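Q: If you want the building blocks of each chain, they are given just below.
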Amino acid sequence: MNGSDVIIIAPLIAAIATAIAILVVDIVVPGRTNAVIATALIGLGVTAVVTLTVGSMPPTTAYGGAYKLDALTTFLDLLFVAVIAMTIVFAPDYLAPRRLPVAEFATVLVFAMSGAMLISASVDLLLLFLGLELMVLPGYLLAGYHKSDSYSTEGAIKYFLLGSFSSAIFLFGLAFVWGLTGSTRVADVASVLTQVVNHTLPFSPGLAMGFAFLTTGVAFKIAAVPFHYWTPDAYQGSPTPVTGYLSVGPKVGAFALILRLFVEALGPMKAEWLPVVIVLAATTMTLGNLVALTQDNVKRMLAYSSIAHTGYMLVGLAAYAGGQPQGLEGLLFYGAAYSFMNLGAFAVIAALQKRAGVTSQLATFAGLGRKEPWLGVLMTLFLLSLTGIPPTAGFFAKAVIILAAVQAGGWVAFLAVLLVVNAAAAAFYYLRVVVYMYMRDPASDAPPLRHGRLMWGGLTAATAATILFGLFPGLLLGMISAAAGALTAAG
Amino acid sequence: MSNLWYIAGFLFAGVSFVFLTIGAAWLISHRNPGDVHKGLPYESGIDTYGDTHGRFGLSFYIYALLFVAFDIEVVFIFLWAIVFRDLLISGFISMLIFVGILLLGLAYAWRKGVLEWR
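Residue numbers (our numbering), protein chains in the order written: chain A, 1 to 491; chain B, 1 to 118.
Hints are all accurate, no fakes.
Here are the simulated distance ranges between beta carbons:
{"id": "1", "chain 1": "A", "residue 1": "Met57", "chain 2": "B", "residue 2": "Phe12", "range": "49 to 57 Å"}
{"id": "2", "chain 1": "B", "residue 1": "Ala13", "chain 2": "A", "residue 2": "Thr359", "range": "45 to 53 Å"}
{"id": "3", "chain 1": "A", "residue 1": "Asn34", "chain 2": "B", "residue 2": "Gly105", "range": "21 to 29 Å"}
Read the hints as simulated data drawn from the structure, not as lab findings.
Predicted, not measured: the structure shown is a model, and the values here were computed from it.
Ideal placement from N, C-alpha and C gives every residue a C-beta, glycine not left out.
Please model the complete structure; the sequences and the hints are all you need to start from.
A: Structural data, given as structure tokens:
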């Protein structure tokens with residue numbers, strides 16, 4: 001370890017220091033939610049500034065080439081910080097009425113963020129696995145955060161069992177790849193695989209099995225069909241702010257893992273894994289949407305829709321493997337747009353559930369447009385964005401992916417067609433919620449709730465991001481093309 | 001094509017390993033049903049007494065967690081002590097930070113009243 005290494009990993013240190021600071025504040029002044037939230041937001045702000053400062057340095061590596069600082073690292077780190085900050089802001093309105101502590105929630109979330117940040121910077125197989133575990137372990141904890149709620153516990157146990165099972169499969173795959181390429185460094189693995197593609201080295205069956213295990217493990221983490229069973233129960237059972245986080249944080253984190261692993265390490269063999277990604281993407285978006293059509297619980301519906309969105313992002317990956325580097329830009333843009341709009345939608349549900357006992361059934365939304373006009377408008381905006389209607393971020397994200405997929409041609413172009421059909425089908429269940437909000441009478445006469453200032457602030461941020469990235473995608477595209485460029489230059 | 005044979009062979013070896021070991025144990029072991037001790041759970045050679053489905057206080061798990069934290073600390077400190085001469089001041093500071101974070105965890109547990117026996 002030397003001085004420059006410490007500077008390069010400064011964003012990680014800032015993240016961990018934030019998590020510790022929240023705990024210290026909770027030890028010194030217990031039960032003061034405002035102090036906790038202020039500490040968390042200041043810490044995350046500092047983390048963002050540190051990330052930007054370090055990110056303005058030229059790309060470099062630390063710790064003997066295991067940790068890489070490039071445009072991709074910086075972009076993903078900033079995205080993770082934004083996701084965590086918004087989740088923390090949305091949480092108190094839901095947690096406080098249920099007497100769930102906010103401090104532990106924030107700490108655990110920030111620790112999960114440090115794991116995601118480690119993934120985005122790792123160019124070493126072992127470090128990737130470490131980051132993955134650091135990201136998902138707090139997720140298990142958070143899923144079961146409402147200890148006295150049996151659904152929360154059930155969801156957490158399912159999430160934990162299948163999650164650790166898939167981690168084991170993933171690790172097994174890593175072991176195969178390490179054993180047969182002789183290195184855990186991503187660059188070395190890629191150079192060995194290039195020789196395999198050029199037939200200077202044989203393509204051993206063990207390597208094929210390693211790829212199969214890696215694909216399975218990662219598919220579990222991003223909840224791709226047929227590895228999605230844990231998703232609906234874990235999402236429905238978790239406390240709503242946690243569901244919002246789970247549907248965004250670990251998913252984008254797992255896609256960061258895919259970028260570092262499949263694009264960078266296994267990039268030379270992309271012709272080999274392209275068919276697998278095509279099948280995964282096609283089944284994932286189709287099945288996710290079909291099942292979402294029949295749900296009458298909005299959280300469960302959004303869980304299945306998040307599976308469908310995984311499929312759309314996989315189309316971006318397929319477009320890259322099909323020879324269109326813009327596919328990666330599409331994937332990254334979709335990840336960012338999806339984070340803001342999905343978190344926003346979950347925030348509205350969390351706001352409605354401020355009154356303890358309110359479920360996330362469709363009936364809860366009946367007449368919302370009249371009872372709480374602002375929440376109704378915002379929910380409509382987020383749902384339109386999830387559908388992919390201009391001028392929202394969701395539209396532009398889909399457009400980039402579809403364009404790249406069409407240009408890639410062949411079976412990937414077929415995926416683009418499937419994506420359009422799926423987006424049209426998805427409009428049905430998203431707009432059904434809008435119909436409930438504006439065309440049904442309220443189920444109860446309960447007076448509208450007062451929502452905290454933090455909640456409104458967070459919703460404003462999510463709205464601003466959803467609209468701005470839709471109207472002026474250039475705000476984000478510069479960073480994204482730099483990030484995708486860093487990846488393709490290395491791969 | 002030969003690649004597929006490798007995979008088939010691997011599968012066969014994996015599956016047959018299970019059946020071979022169980023079958024070998026079944027073949028080699030001798031069975032005399034008269035010995036009542038054979039049906040008992042093995043408990044260090046002493047006959048078991050009482051109900052084997054004993055119940056633990058759930059509050060033990062926090063002690064187990066704290067134990068794991070400090071157990072891992074020992075693992076790192078041993079290695080650190082061996083190479084301490086080469087690291088000197090930077091190694092000392094690193095370990096200070098590490099132990100400090102762990103102590104903070106203990107302080108947290110203490111403050112939350114976890115260490116009081118209930």
